[in-house]
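Enquirer: Chain by chain, the residues run as shown.
Protein chains: 2
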Amino acid sequence: MEQRVSLITLGVPDMEQAEAFYTALGWQPVDSPDGVVAFDLISQTLGLYPLDKLAEDIGLPVAELGSGAMTLSHNTRTPKEVDTLMARAQAAGAEILRPASEVFWGGYIGYFRAPDGHIWEVAHNPFAKLSAEGAFRWNGY
Amino acid sequence: MEQRVSLITLGVPDMEQAEAFYTALGWQPVDSPDGVVAFDLISQTLGLYPLDKLAEDIGLPVAELGSGAMTLSHNTRTPKEVDTLMARAQAAGAEILRPASEVFWGGYIGYFRAPDGHIWEVAHNPFAKLSAEGAFRWNGY
Chain A
412 MEQRVSLITL
422 GVPDMEQAEA
432 FYTALGWQPV
442 DSPDGVVAFD
452 LISQTLGLYP
462 LDKLAEDIGL
472 PVAELGSGAM
482 TLSHNTRTPK
492 EVDTLMARAQ
502 AAGAEILRPA
512 SEVFWGGYIG
522 YFRAPDGHIW
532 EVAHNPFAKL
542 SAEGAFRWNG
552 Y
Chain B
412 MEQRVSLITL
422 GVPDMEQAEA
432 FYTALGWQPV
442 DSPDGVVAFD
452 LISQTLGLYP
462 LDKLAEDIGL
472 PVAELGSGAM
482 TLSHNTRTPK
492 EVDTLMARAQ
502 AAGAEILRPA
512 SEVFWGGYIG
522 YFRAPDGHIW
532 EVAHNPFAKL
542 SAEGAFRWNG
552 Y
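Those protein sequence lines, which keep their order, are chains A and B.
For the first sequence, the numbering used here gives the first residue as 412, with consecutive numbering after it.
For the second sequence, the numbering used here gives the first residue as 412, with consecutive numbering after it.
All the given hints hold, so there is nothing to weed out.
Derived DMTMM-like pairs (lysine to aspartate or glutamate); straight-line CA-CA distance at most 25 Å:
1) A:K464 / A:E427
2) B:K491 / A:E467
3) A:K540 / B:D442
4) A:K491 / A:E544
5) A:K491 / B:E467
6) B:K540 / A:D442
7) B:K491 / B:E506
8) B:K464 / A:D494
9) A:K540 / B:D451
10) A:K464 / A:D445
11) A:K464 / B:E506
12) B:K540 / A:D451
13) B:K464 / A:E513
14) A:K464 / A:D442
15) B:K540 / A:D468
16) B:K464 / A:E475
17) A:K491 / A:E513
18) A:K540 / A:D451
19) B:K464 / A:E506
20) B:K491 / A:D468
21) B:K540 / A:E544
22) A:K540 / A:E513
23) B:K464 / B:E427
24) A:K540 / A:D494
25) A:K540 / B:D468
26) A:K464 / A:E430
27) B:K491 / B:E513
28) A:K491 / B:D468
29) A:K540 / B:E544
30) A:K491 / B:E413
31) B:K491 / A:E413
32) A:K464 / B:D494
33) A:K540 / B:E413
34) B:K464 / B:E430
35) A:K464 / A:D451
36) A:K464 / B:E513
37) A:K491 / A:E506
Derived, one-sided and incomplete: chain A residues facing chain B with beta-carbon distance under 7 Å:
38) V441
39) S478
40) L496
None of these hints come from the bench; they were simulated from the model.
Note that the structure is a prediction, hence the values are computed from the model and not measured.
Idealized CB from N, CA, C, for every residue including glycine.
Chain A with its partners taken away, still in its complex shape:
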């Protein structure tokens, strides 16, 4: 298995609301069939898909599917960008779970829950500098 994730699928209860949230953060979808919203990221795609249809595709009841045990982190170039993005997410309808603050290892981190229920981390990690295009790797560029 090559070390890559092609597609991150967020099962969401309300497609319109979810699309509105991510576009309010500044993301732009690519053309896709009705019933799917796709955002091309660096080397992968993030898709929005109805939660009930995802459950059907997987073969489990919706009630067995949860969120939060897997989180997505968006890392920034500066601590100030963390504040900006947390504020923008809140304005777009996210719930702030943990306001941005310094953590023991030297990062500056906040968590929000999107209206679709998925939990995002916004992080500045001074020890893992992003590439010019924004790519991340554990020990930085």
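Since chain A is already given, all that's left is putting chain B on it; use the hints.
Expert: Just chain B now, kept in the frame of chain A:
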């Protein structure tokens, strides 16, 4: 917010078991502090982190964190690779939720649940050809 995900964090109940699973699939971790396992992917990192610590970082009880409403897909170059990877995952301890089969839109897809509880899709999508390095975008390379 730039269109990228820097870090995918899997909260896992058993770090050793989770690391053993992903290394059995052929992934190699990079150096990281005790208590975190990190796999560098294309332009991002996937981290394994204790579920109870993730809950503490987020500020929610473990019981509120679930999985499956967000899935990760690993796309392959051929349908045969889907079969190979599903078999390898099963041999490494995954539960097959949906054996690989053709779907209405022309793809060939299976789902498994890793021993850590997270749900993966393995997919061949003939309409979204991967780049030489394995990068994915919605309308292909």
